[in-house]
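A.B. asks: Sequences and hints are given; from them, build the entire structure.
4 protein chains.
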Amino acid sequence: MTDTNPNPLPTPSTPPPDILRCASMELVVTDLQRSRDFYVDVLDLVVTEEDEDAIYLRSMEEFIHHNLILRKGDEAAVAAFSYRVRSPEDLDRAEAFYRELGCPVKRNSEGFVKGLGDSVRVQDPLGFPYEFFHEVEHVERLAWRYDLYSPGALVRIDHFNQVTPDVPRAVGYMETLGFRVTEDIQDDAGTTYAAWMRRKPTVHDTAMTGGAGPRMHHVAFATHEKHNILAICDKLGALRLSDHIERGPGRHGVSNAFYLYLRDPDGHRIEVYTQDYYTGDPDNPRVTWDVHDNQRRDWWGNPVVPSWYTEASTVLDLEGRPVPTAERTDDSEMAVTIGADGFSYTRADEGAESMPTWKQGEYKLGHQL
Amino acid sequence: MTDTNPNPLPTPSTPPPDILRCASMELVVTDLQRSRDFYVDVLDLVVTEEDEDAIYLRSMEEFIHHNLILRKGDEAAVAAFSYRVRSPEDLDRAEAFYRELGCPVKRNSEGFVKGLGDSVRVQDPLGFPYEFFHEVEHVERLAWRYDLYSPGALVRIDHFNQVTPDVPRAVGYMETLGFRVTEDIQDDAGTTYAAWMRRKPTVHDTAMTGGAGPRMHHVAFATHEKHNILAICDKLGALRLSDHIERGPGRHGVSNAFYLYLRDPDGHRIEVYTQDYYTGDPDNPRVTWDVHDNQRRDWWGNPVVPSWYTEASTVLDLEGRPVPTAERTDDSEMAVTIGADGFSYTRADEGAESMPTWKQGEYKLGHQL
Amino acid sequence: MTDTNPNPLPTPSTPPPDILRCASMELVVTDLQRSRDFYVDVLDLVVTEEDEDAIYLRSMEEFIHHNLILRKGDEAAVAAFSYRVRSPEDLDRAEAFYRELGCPVKRNSEGFVKGLGDSVRVQDPLGFPYEFFHEVEHVERLAWRYDLYSPGALVRIDHFNQVTPDVPRAVGYMETLGFRVTEDIQDDAGTTYAAWMRRKPTVHDTAMTGGAGPRMHHVAFATHEKHNILAICDKLGALRLSDHIERGPGRHGVSNAFYLYLRDPDGHRIEVYTQDYYTGDPDNPRVTWDVHDNQRRDWWGNPVVPSWYTEASTVLDLEGRPVPTAERTDDSEMAVTIGADGFSYTRADEGAESMPTWKQGEYKLGHQL
Amino acid sequence: MTDTNPNPLPTPSTPPPDILRCASMELVVTDLQRSRDFYVDVLDLVVTEEDEDAIYLRSMEEFIHHNLILRKGDEAAVAAFSYRVRSPEDLDRAEAFYRELGCPVKRNSEGFVKGLGDSVRVQDPLGFPYEFFHEVEHVERLAWRYDLYSPGALVRIDHFNQVTPDVPRAVGYMETLGFRVTEDIQDDAGTTYAAWMRRKPTVHDTAMTGGAGPRMHHVAFATHEKHNILAICDKLGALRLSDHIERGPGRHGVSNAFYLYLRDPDGHRIEVYTQDYYTGDPDNPRVTWDVHDNQRRDWWGNPVVPSWYTEASTVLDLEGRPVPTAERTDDSEMAVTIGADGFSYTRADEGAESMPTWKQGEYKLGHQL
Ligand SMILES: [Ca+2]
Ligand SMILES: [Fe+2]
Ligand SMILES: [Fe+2]
Ligand SMILES: [Fe+2]
Ligand SMILES: [Fe+2]
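Residue numbers (UniProt numbering), protein chains in the order written: chain L, 1 to 369; chain Z, 1 to 369; chain B, 1 to 369; chain R, 1 to 369.
These are computed hints drawn from the structure, not numbers from a lab. Just to be clear, a hint being listed does not mean it is correct.
[Stated by the list, open to error] A short list of chain Z residues far from chain B (calculated; beta carbon distances all over 10 Å):
no., residue
1, T4
2, T11
3, A143
4, P265
5, R321
[As the list claims (entries may be wrong)] Covered by chain Z, per the in silico footprint, the following chain B stretches (three or more residues, Cβ under 8 Å):
no., segment
6, 59-67
7, 83-92
8, 269-279
For every residue, glycine included, the Cβ atom is placed at its ideal position computed from N, Cα and C.
C.D. replies: Next up, the structure:
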């Protein structure tokens, strides 16, 4: 990675918590029943527990209480990106780490939500509401319950994706938190457009996408196989809900995974994802993609729809207030690829001109026919 | 089907040939080696026989000599849509049938191409070069040769798709030739935009798509499973040939099949297709789709790219000359769906307005952001 | 095929009915609720209609009233192998054809079962209860109803399989009825052990398996993909019903299809099957397998369990009485392959000796370790 | 786990090396070309490097030099189970750890094999030749090279499986080495028959199977999807090598993965494996299976073939001499399940009697028909 980080955050002197994995997201939704219809009846997530205000959902292979919370609220937003840490002591480390960074920090030994014990919530230096927990209620791992699987069964939570203006700055901070970069998107001038970072040995537990932020870009769940993702699309078609499909299905360049992006009834973006690769070795090779490579985000060269670049969910501070966003000052990926002066190529050495005429049109905003 | 056929072709008094199935297409290509690279090295079709001028290809489960001929020529075009008939006598029927229609007819007891015996070629009333044959050289059916299968193996030729200005007129003619309609696309006013017709009991052996014609829209090959189609996309990406992907992969509404459209080095369109349904009963229910239903051509509501509507291959007459095309006079599917005055909906009762803003933009030409 | 048919049935002078396809089987089951649990709750067949005595089931892509009838009775048996014919007149042909053969024939213009109109039932020369119908109640084809698909969805009825002592004799009769042989199993001496015959252009609508008969060996339903069949196994495991799996899953040599054999609560055998090949050309090459080739019935060489050879369902005559069976007089496939003097090989030229010791043991009854 | 470990190995006072994952196995093969045909031409493993004596192979997603070494030798055997450690310093830890245990230890700063740097080889307390390395030559990760994928592509090395007489003793030792148990097979009396242990967060990096040992039971490679495993079987059939299939394909109970066991030309056992679950949390629930549960090793209840229980590969000491084996003294899994006094059930509460007669026969050695 040739990019620099001219505006780094300080590195705390205390060690970071030992984060195991991204574990859950808390979404604020405006119509709890409508969201339930989407996540439970359409996507077949499993209800661990629910009441009038919130629904706790998990995936088929999960043994902790939840991977997604739907909480009723007036405005759609994200209340927490929640990570599981290795031990109870890691909560002390999390608290000290963020206090040293001068962040708002709250701790609740009973947990901020059902199913969890002692928890720390912070508004991190990038403005995101991060939660850390270790103690958690165990529930049945439904991995073997094939009588409950649907054709599009979601089996694991895989990762978050966050929008933030300055990607190198965000990466620098995440590295102090113990994350490692596996892949990124740059240009020749060294501008970084996005970066993928992991704790568990997959391509990521979270990614940083350049744009006005802090905002939540998406949360991703894994299926076993590609046909499971296709089955979700087929079911949405049958229910006449195909307009929940925003982008895909397709094969990512970055991560090599098969993907689909959906929008929930509030517009929160959900990814369904399968088959990235093992990244657990310390010298795992970082893959850097050129921003103009049209196979970077879709290996088949299918265009990224503009809304995917521009729309994302509001995040909340620890008081439940929307966090104001700052604009990105570096070039935007949309502008340099499909904007008026942007370009994308299939073959780097041949440039955009070697693409068929009808294909070039796809890559310009406002340019069709 | 409420549409009428105000300008029908005459019905011959002689019986039509008993057509078994669409069997092969003869493509004229401008660079034989480059086309070979695409069809043999990328798509893994099997070479039955080849010389300096032509390559004869077949699919993995085929036992007749070829399903596709690549013939070297100066201008890309289609020289023959070839159907196999049940018996040698059906060639006499074909000859009589088309002579009565006043069409140009040629017969060659040695076959017009390698691998075939006695054959009839006609320029049919719609202007298309149709070939009929029965005698054919048998070759090894490679169905069990899993040592030769690639991840995206093409196992059968499935259907043709033809562009013609007046779909009801074309359908009327094809019905006299013994075809049956399985599905079509219409509007409330009774305009027919496209129709699918079969001899073998799948959704079609050929389809008629409304537009300036005669032109060849595409020829389709089948895979066993959906992942085989995804593997073709993945391979195109690996070879930096992803710009051969024009549309898809996706699930069709019409036919319920999973599909992908590619363009070959000359721009000829190839579909890869799997899993439509049995249609062999005489009362098989016809499915009529509303042209404004955005799930009709892609069940997931992904937009049809404009080039798919507008571009198609020239066809040749029996002397090898390009056949001039006539314009469509009825409404065009592109105009009424994604044109300035067009519209598409996900839910008929809610109209286009209930679709998300970012989704509506997809459905207007020149309208992005 | 080198075998002869020394004891042929007479060929009727009247033309046979034009059979479209195998369409339904009527099973007598001893505990209707238990059978319903199996076919509806486990296998997810669709209930078209049911009452206290019978349940009418269909597959996801079917548009006729039923593909399987479960009828309550005292003894498990098969009451009808039901074929759909092309036209009402074909029922007259069926009646005349079987009367000329001297078979018991019944005709009911109202249908013998719900959903059907004018029907002919016969006890055919081999002793099997065959039904023919054309008129049928149309129901919704659920092909597009992906909201109703389960991971192991059965989409079509594919074929029957019948046990009869003299296979060449049975084949001769079926050929007069208009069937064509696609594959068979023989030995060097010309003994035929089994034969597959089709009307629709798949490998078969029914097969004749040599053994004491008439008995019903199995009825088969198709899935779209192989993983659907695996999902049925997984679900049976989850429900602790895995002992319903008798054989497979595996790849057939004969037919090249992927398969699984289940036994229902009464012991009726059900096959789940996917991806055979097109056989509709009149010169479709017949494939003859050597009985000693251990890849003929399982392409992976996994052994056929003895029960699969020996057990089959009783069939009923037109009065509902069990039809007595006659023994096979030719060699039995089980005896010549896994019996005391039998043998199987992986490579014909190397014989059984080249197989690993542990593999040879699999192929001898009573020989393990 | 109720079992005890009456004969524990001492726990070294020095910390164990930080093992990342099982990384490679070194197999001694008697005919290098024949083994190459199997691993390269049939299984499509990628050759990183080869000479007259050895072939270095890797899987499609690997970036280190090799996952499997085939080395020419007089007697088939296993020369090394090789693990990658986190840092160079972990090699010092490995050396100290095993010296304290009194094991034979060798260290080679140049690596014992090509592609590796500083390495430690030990004969561990159970008699197995374990190798540890950190420095390794990086090679191209072929994850995106879909032009090179075959239908049955092996994408990762997944785990080893070792045969050892006393499973609790082996587990105790492996826990001191930093492994965690994810699943095991026991009986009511507390006898442990097998245990699965992991470093990377999958079900295992190695498993201990009770039996005469030390011997190597198998090494496993992962595919992306289940159909990839079926494709390997299909290809073996096409090559008339189906007798390399020893067991499966099937779904494991333990691990929930889809599996296939092959035997290579020397009889070394290879597993192909896909889709187990995440186990990286410290409180990941251990799953204990009853040895009499016939779904424990095959979720579909298909029988384990006797050779799978009894046959395994010799392992070599650090001088290249075969390590003598000690017999198991506890009950054997084969004896208690399919032996004369053994039994297996599908439903614990119903016992073996509720299984169909033909199914019961499968579960007794020497009992067929
Ligand atoms: Ca797409
Ligand atoms: Fe993502
Ligand atoms: Fe098509
Ligand atoms: Fe069958
Ligand atoms: Fe294993």
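A.B. asks: Mind taking a look at whether chain Z covers the segment 269-279 of chain B? Criterion is 3 or more residues with CB to CB distance under 8 Å.
C.D. replies: holds (count 3)
A.B. asks: Determine whether the non-interface label on Z/R321 survives the test: each CB of chain B must be over 10 Å from its CB.
C.D. replies: Per Cβ check, Z/R321 is outside 10 Å of chain B; nearest 33 Å; holds.
A.B. asks: Test the statement that Z/T4 is away from the interface with chain B: the closest C-beta pair must be farther apart than 10 Å.
C.D. replies: The assertion about Z/T4 holds, with a minimum of 25 Å to chain B.
A.B. asks: Please verify the coverage claim for the segment 59-67 of chain B: does it have three or more residues whose C-beta sits within 8 Å of some C-beta in chain Z?
C.D. replies: Contact hint for the segment 59-67 of chain B vs chain Z: holds, 3 residues under 8 Å.
A.B. asks: For Z/A143, is the shortest CB-to-CB distance to chain B above 10 Å, so the non-interface label stands?
C.D. replies: violated, 5 Å
A.B. asks: Quick check: the segment 83-92 of chain B, covered by chain Z? Criterion 3+ residues, Cβ under 8 Å.
C.D. replies: n = 3 at 8 Å, threshold three: holds.
A.B. asks: Evaluate the condition: distance from the CB of Z/P265 to the nearest CB of chain B exceeds 10 Å.
C.D. replies: Correct as stated: the minimum Cβ-Cβ distance to chain B is 29 Å, above 10 Å.
A.B. asks: Say whether it holds or is violated: Z/T11 keeps its Cβ farther than 10 Å from all Cβ of chain B.
C.D. replies: With a cut-off of 10 Å, Z/T11 remains clear of chain B, as the shortest Cβ separation is near 21 Å.
Of the numbered hints stated above, the single one contradicted by the structure is hint 3.
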